[in-house]
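Line order of the protein sequences matches chains A and B. Residue numbers 1 to 437, in the numbering used here, belong to the letters of the first sequence in order. Residue numbers 1 to 437, in the numbering used here, belong to the letters of the second sequence in order.
Worth double-checking, as some hints may not be accurate.
Stated by the list, open to error - Here are the simulated distance ranges between beta carbons: (1) B:5 - A:341: 57 to 65 Å; (2) B:13 - A:5: 48 to 56 Å; (3) A:210 - B:26: 35 to 43 Å; (4) A:297 - B:13: 49 to 57 Å; (5) B:366 - A:49: 32 to 40 Å; (6) A:72 - B:216: 53 to 61 Å; (7) A:422 - B:12: 32 to 40 Å; (8) B:34 - A:407: 26 to 34 Å; (9) A:5 - B:5: 28 to 36 Å.
Hints are computed from structural coordinates only; laboratory data are not their basis. Don't be surprised by glycine CBs; every beta carbon is placed ideally from N, CA and C.
There are 2 protein chains.
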Amino acid sequence: MTAVELIERKRDGGTLTGNEIRWLIAEYTAGTIPDYQMSAMLMAVFIRGLNGEELTVWTESMLTSGEVLELSAIPGRKVDKHSTGGVGDKISIPLAPMVGACGVKIPMMSGRGLGHTGGTLDKLETIPGFRTSFTAGEFATLLAAHGVVLGGQSEHLVPADRKLYALRDATGTVPAIPLIASSIMSKKLAEDLDGLVLDVKVGRGAFMEEVEQARRLAETMVEIGDLRGTKVIALLTNMNQPLGREVGNASEIRESIDTLHGEGPEDITRLTYALGAEMLVMGDVATSVDEARAMLEEAVSSGRAFDKFKEITLAQGGDTAVLDNPDLLPKATNEELVTAPISGWVKRCDALAVGVGAMRLGAGRQRKEDDIDPAVGVTVEAKIGDRVEQGDVLGRIRWNDSYAYGVAAPLLTDAWEISDSPVPPSQLIIERIGAYV
Amino acid sequence: MTAVELIERKRDGGTLTGNEIRWLIAEYTAGTIPDYQMSAMLMAVFIRGLNGEELTVWTESMLTSGEVLELSAIPGRKVDKHSTGGVGDKISIPLAPMVGACGVKIPMMSGRGLGHTGGTLDKLETIPGFRTSFTAGEFATLLAAHGVVLGGQSEHLVPADRKLYALRDATGTVPAIPLIASSIMSKKLAEDLDGLVLDVKVGRGAFMEEVEQARRLAETMVEIGDLRGTKVIALLTNMNQPLGREVGNASEIRESIDTLHGEGPEDITRLTYALGAEMLVMGDVATSVDEARAMLEEAVSSGRAFDKFKEITLAQGGDTAVLDNPDLLPKATNEELVTAPISGWVKRCDALAVGVGAMRLGAGRQRKEDDIDPAVGVTVEAKIGDRVEQGDVLGRIRWNDSYAYGVAAPLLTDAWEISDSPVPPSQLIIERIGAYV
Chain A
1 MTAVELIERK RDGGTLTGNE IRWLIAEYTA GTIPDYQMSA MLMAVFIRGL NGEELTVWTE
61 SMLTSGEVLE LSAIPGRKVD KHSTGGVGDK ISIPLAPMVG ACGVKIPMMS GRGLGHTGGT
121 LDKLETIPGF RTSFTAGEFA TLLAAHGVVL GGQSEHLVPA DRKLYALRDA TGTVPAIPLI
181 ASSIMSKKLA EDLDGLVLDV KVGRGAFMEE VEQARRLAET MVEIGDLRGT KVIALLTNMN
241 QPLGREVGNA SEIRESIDTL HGEGPEDITR LTYALGAEML VMGDVATSVD EARAMLEEAV
301 SSGRAFDKFK EITLAQGGDT AVLDNPDLLP KATNEELVTA PISGWVKRCD ALAVGVGAMR
361 LGAGRQRKED DIDPAVGVTV EAKIGDRVEQ GDVLGRIRWN DSYAYGVAAP LLTDAWEISD
421 SPVPPSQLII ERIGAYV
Chain B
1 MTAVELIERK RDGGTLTGNE IRWLIAEYTA GTIPDYQMSA MLMAVFIRGL NGEELTVWTE
61 SMLTSGEVLE LSAIPGRKVD KHSTGGVGDK ISIPLAPMVG ACGVKIPMMS GRGLGHTGGT
121 LDKLETIPGF RTSFTAGEFA TLLAAHGVVL GGQSEHLVPA DRKLYALRDA TGTVPAIPLI
181 ASSIMSKKLA EDLDGLVLDV KVGRGAFMEE VEQARRLAET MVEIGDLRGT KVIALLTNMN
241 QPLGREVGNA SEIRESIDTL HGEGPEDITR LTYALGAEML VMGDVATSVD EARAMLEEAV
301 SSGRAFDKFK EITLAQGGDT AVLDNPDLLP KATNEELVTA PISGWVKRCD ALAVGVGAMR
361 LGAGRQRKED DIDPAVGVTV EAKIGDRVEQ GDVLGRIRWN DSYAYGVAAP LLTDAWEISD
421 SPVPPSQLII ERIGAYV
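Working from the sequences, and respecting the hints, build out all of it.
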């Protein structure tokens with residue numbers, strides 16, 4: 001078997017066997033197959049696709065390319081949530097403590113922000129002292145003791161994905177459904193999960209702009225889970241406008257705390273409950289989504305969800321004082337307002353424009369190496385369907401660097417569009433995919 | 001402009017502009033665009049193709065990636081022939097002196113054998129002292145003095161092709177018509193030609209097994225010539241069985257000498273005259289193919305063609321004694337016969353099997369680095385359509401190394417198939433493509 005033979009077969013639309021895919025991924029991870037051969041293969045896969053069987057082996061081969069968590073000694077079901085990435089998407093932060101407070105184990109591994117999408121790790125690290133990097137042993141100990149870990153992905157987990165993702169990024173082979181699905185699923189399955197809830201974003205601020213594409217991605221990931229024997233449910237959710245009101249690292253922690261107190265924005269609260277309810281059912285602590293939702297509401301109203309967040313923060317080295325007093329979190333020095341040029345109804349509140357604008361302010365990274373400014377960001381005061389009068393505040397631009405503000409301001413000013421006729425609010429949860437019960 | 005943007009566009013079936021292609025090839029040749037990006041691009045080009053305009057710029061960009069010959073100071077038309085490669089294809093060796101003897105200038109640059117196909121340079125170098133490597137200055141001086149040069153391609157000519165070909169070979173992107181056409185045409189156009197005759201091989205021993213594919217390749221190359229203002233004619237010729245009787249380096253020189261004396265095998269003689277006639281018309285020394293053919297016959301019968309070969313050999317440092325006495329050329333120590341198992345008619349005389357068998361004997365190279373044995377090879381005694389009696393000799397295996405013989409023998413024994421009913425001889429020249437007048 002040679003790499004060229006496999007490339008030629010895929011190039012011509014053929015199928016690779018399980019052994020061939022295992023060999024390919026193992027040799028690439030080991031460095032025996034060079035980048036230039038793998039990039040030709042990735043382009044062939046991009047254009048020709050992978051069938052269900054190929055995809056499952058591809059994902060498995062990535063999964064077993066490195067360390068895999070072994071959490072079976074810890075009692076209880078382990079469930080996680082993964083989002084394909086959006087603007088203002090801080091859902092993991094209120095979700096994990098809420099679900100953890102109801103008794104499901106959450107071995108969560110999140111990522112950092114890149115481009116217009118934010119990252120859970122960056123947000124958590126605005127809490128002074130908050131650690132997100134652990135050895136496999138520390139991770140398991142934290143999970144056993146507190147039921148929830150909010151960590152980053154270890155270097156040893158799925159090295160094939162790290163290598164492949166960097167290559168895809170440089171060779172125009174990122175947005176292919178089999179490659180996205182195997183990348184996400186290999187990392188999540190390496191967490192030794194019993195269940196996984198996927199939040200597949202659709203729209204302007206998402207990786208997938210069309211529902212049809214997002215549905216195919218969701219179905220593909222659910223299918224990989226099925227073939228592996230892991231429960232997977234996907235919600236397709238709207239990412240045309242930012243989620244919640246806050247886009248920025250420290251401010252999203254503030255909004256997460258509000259949500260844990262039951263005072264979060266309506267969309268954040270609704271989506272957190274919807275995803276959390278799936279996790280409680282998967283985690284076998286509730287028998288129905290309705291029962292699960294009532295449990296989550298009780299965890300919030302009783303203060304147990306917030307207390308769980310404090311417990312996790314303390315366990316991960318974070319300063320809980322900022323949770324009790326979010327005003328201690330970093331704040332930007334300057335604020336400029338975006339106001340409504342006419343009276344009417346908000347027709348567009350562009351997640352991509354707000355995401356890119358916030359990134360330009362310093363809230364996100366253009367390149368992986370970039371530093372972020374935890375204090376800056378955008379507050380979204382008017383969302384799609386809202387009635388506004390001329391001069392009303394649509395958004396607040398919170399900035400520190402005047403050059404960055406100069407670049408971001410035009411993008412952010414153009415992010416809103418006002419219509420002179422009423423606009424219906426947009427549908428947050430579009431579709432639920434998967435059926436494991 | 002970034003490489004990723006261009007890769008993405010071609011991946012999705014889009015078109016690249018002239019400036020984009022020029023940038024891509026220049027930056028790749030310079031090493032700024034890495035192999036892993038170029039291989040993704042090559043796979044996208046392989047699957048999506050290049051349109052005529054893209055292909056012309058692609059070829060031009062390769063052509064101008066290095067040195068280009070400047071031969072305009074030398075009077076007379078410069079014409080060359082290129083074959084896409086076959087088994088027993090020694091046509092260049094009798095052709096160049098014949099055409100040269102009629103007054104057309106031939107700045108010929110040939111290659112070495114790889115895989116089952118032989119190389120003109122390897123064959124010529126079985127003549128003791130024969131040099132094929134020249135500086136641009138030496139090359140022009142030889143051409144001016146003798147009208148014909150039988151050289152190799154300089155390192156400085158079309159470096160983009162050398163780099164791209166090595167990458168294509170390692171990434172399953174060799175057999176794409178635009179990539180083959182641009183590779184051939186960039187190298188030939190770098191010879192500063194007025195005209196080019198292409199011998200596009202079709203069949204078992206050729207790169208293209210189907211006439212339809214070969215025709216598309218020929219048409220593509222003729223089109224590149226047209227757009228560049230260079231006269232190009234292509235003959236599609238049969239490569240199901242070896243050309244002539246000899247497959248092997250020294251023995252093909254012997255057969256070439258026979259042909260220059262008017263005593264070559266019928267197919268070699270016919271194809272040499274057909275290609276040569278096109279070259280004389282292109283070279284403006286004949287007004288029709290019939291007139292040209294008579295001139296070639298006269299050059300052979302008068303001995304001027306053979307004398308020209310001696311002149312070239314002497315000029316390039318070769319020992320002309322072997323031309324007068326070909327028995328001085330290296331000969332293999334051992335000979336084994338392949339005989340007809342039954343009486344009948346030869347139905348198959350497999351060029352690929354004979355080519356691979358000869359390579360295994362040591363006449364060719366599996367890898368570029370391999371050495372060749374000039375003495376070994378195969379003599380084809382029976383060709384398609386020939387009547388044979390049981391026990392008649394079909395082929396002679398001339399070998400030196402017993403291990404190599406052991407590997408080659410089964411391939412060569414299986415190369416012939418005898419039918420019990422008559423088989424028509426195969427058609428040598430299938431089609432002529434192009435019209436420059």
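**Study point:** residue 13 of chain B paired with residue 5 of chain A, Cβ distance criterion 48 to 56 Å
**Key:** violated, 26 Å
Check your understanding: Does the hinted range 49 to 57 Å hold for residue 297 of chain A and residue 13 of chain B at CB?
Key -> holds, 51 Å
Review point. Can the suggested window of 53 to 61 Å be confirmed for the beta-carbon pair residue 72 of chain A and residue 216 of chain B?
Key: holds, 59 Å
Point to revise | Pairwise beta carbon distance, residue 5 of chain A to residue 5 of chain B, judged against the given window 28 to 36 Å | key: holds, 31 Å
Check your understanding: Does the Cβ pair residue 366 of chain B, residue 49 of chain A satisfy 32 to 40 Å?
Key -> holds, 34 Å
**Study point:** Distance restraint evaluation - residue 422 of chain A, residue 12 of chain B, Cβ atoms, bounds 32 to 40 Å
**Key:** The hint (32 to 40 Å, Cβ to Cβ) holds, given that residue 422 of chain A and residue 12 of chain B are roughly 38 Å apart.
Check your understanding: Should the hint that residue 210 of chain A and residue 26 of chain B are 35 to 43 Å apart at their CB atoms be regarded as holding?
Key -> This hint holds: roughly 37 Å between Cβ atoms.
Point to revise | Verdict for residue 5 of chain B, residue 341 of chain A (Cβ pair) under range 57 to 65 Å | key: The hinted range 57 to 65 Å is violated for residue 5 of chain B and residue 341 of chain A, with Cβ atoms some 34 Å apart.
Review point. Between residue 34 of chain B and residue 407 of chain A, does the C-beta distance stay in 26 to 34 Å?
Key: holds, 30 Å
In the structure shown, a violation is registered for the earlier hints numbered 1 and 2, in ascending order.
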